[in-house]
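Go by the hints and put chain B onto chain A.
There are 2 protein chains.
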Amino acid sequence: MKDVDYMAVAETAMAQIQQGAFLTVKAGDRLNTMTIGWATIGYCWKKPIFMVAVRDSRHTFTIIEDAADFTVSVPSGDMKKEVLFCGTKSGRDMDKFAQCDLKTIPGRKVASPIIDLPGIHFECRIVYKSAMDPARLTPDYEPIYPAKDYHTLYFGEILDCYEI
Amino acid sequence: MKDVDYMAVAETAMAQIQQGAFLTVKAGDRLNTMTIGWATIGYCWKKPIFMVAVRDSRHTFTIIEDAADFTVSVPSGDMKKEVLFCGTKSGRDMDKFAQCDLKTIPGRKVASPIIDLPGIHFECRIVYKSAMDPARLTPDYEPIYPAKDYHTLYFGEILDCYEI
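Protein chains in written order, with numbering that gives the first Met the number 0: chain A, 0 to 163; chain B, 0 to 163.
Identical chains share a label here; the pair holds if one copy fits it or two copies do between them.
Only pairs whose alpha carbons sit at most 27 Å apart, straight line, appear in this in silico BS3-like list of lysine-lysine: (1) Lys79 - Lys46; (2) Lys128 - Lys88; (3) Lys45 - Lys88; (4) Lys80 - Lys46; (5) Lys147 - Lys45; (6) Lys80 - Lys45; (7) Lys128 - Lys45; (8) Lys88 - Lys102; (9) Lys128 - Lys147; (10) Lys46 - Lys88; (11) Lys46 - Lys128; (12) Lys46 - Lys147.
Hints in this document: simulated from the structure, not taken from any laboratory.
Bound conformation, chain A alone:
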């Protein structure tokens, strides 16, 4: 593992996240991973901040709502198959780790593990969250929510950022 500066890798990470990255969350003995394609990275509340969005219809939502932290594992290699699987199948119905042969590695700073893959890994503790209020969303973004399953925005303080 090689420590990296979170903003130095932001461009590379954001380009890959748009192709699919893994949001992994553990709360108690409940663990799941899901594909994300969106994120924002920056500095807020005097801390490095990573924002992810989870729809309230997601199995991951039921876990992250009880979790203190999350990790984001951004693959540098081709993981199209796993990204597609974890973005379309629900952890309610199966063990995605077993189905995709995804191994985890314990987080260095948080309870949620990372996915054992070559790439950039962010370990974040949840410092703020906000369920989206559709009344505040521009109407032209509404087609993103045909089922009205709006996102909750989770702001994680980046406690660790490294490559493996």
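Same frame as chain A, but now just chain B:
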């Protein structure tokens, strides 16, 4: 003006924003600029997104609440004096542009102008906003808000990004 990719300049921009950048907002004939030190940049709702935070005690808050857009002007040169002034004085009491000899340039895509300075400029239309709910904030961040003047988070779709 030279068009640049918003993520390609994100590392440089975030480093400078932490030293102070200008958030400029126009609503009708009301115009103000203020210093920001925080922001997040990324991709959400299938769009490039720039998030800024404005405390509800700010004069800028009264303008941005009625605005459709904002700009962020990130100086590449030394503007410590202007950054300090615009971060500590209120546009309620004076014309900051005149006081700091800051000139504006009309936005290319938005009603809010940019500050005429060498650096990176973001033009953003407000697509979502969320007043912070203190109940959702980690208690150890509470000292940021001794006056309980919490931020509203403004999410801007980046319509233009360029250097001058």
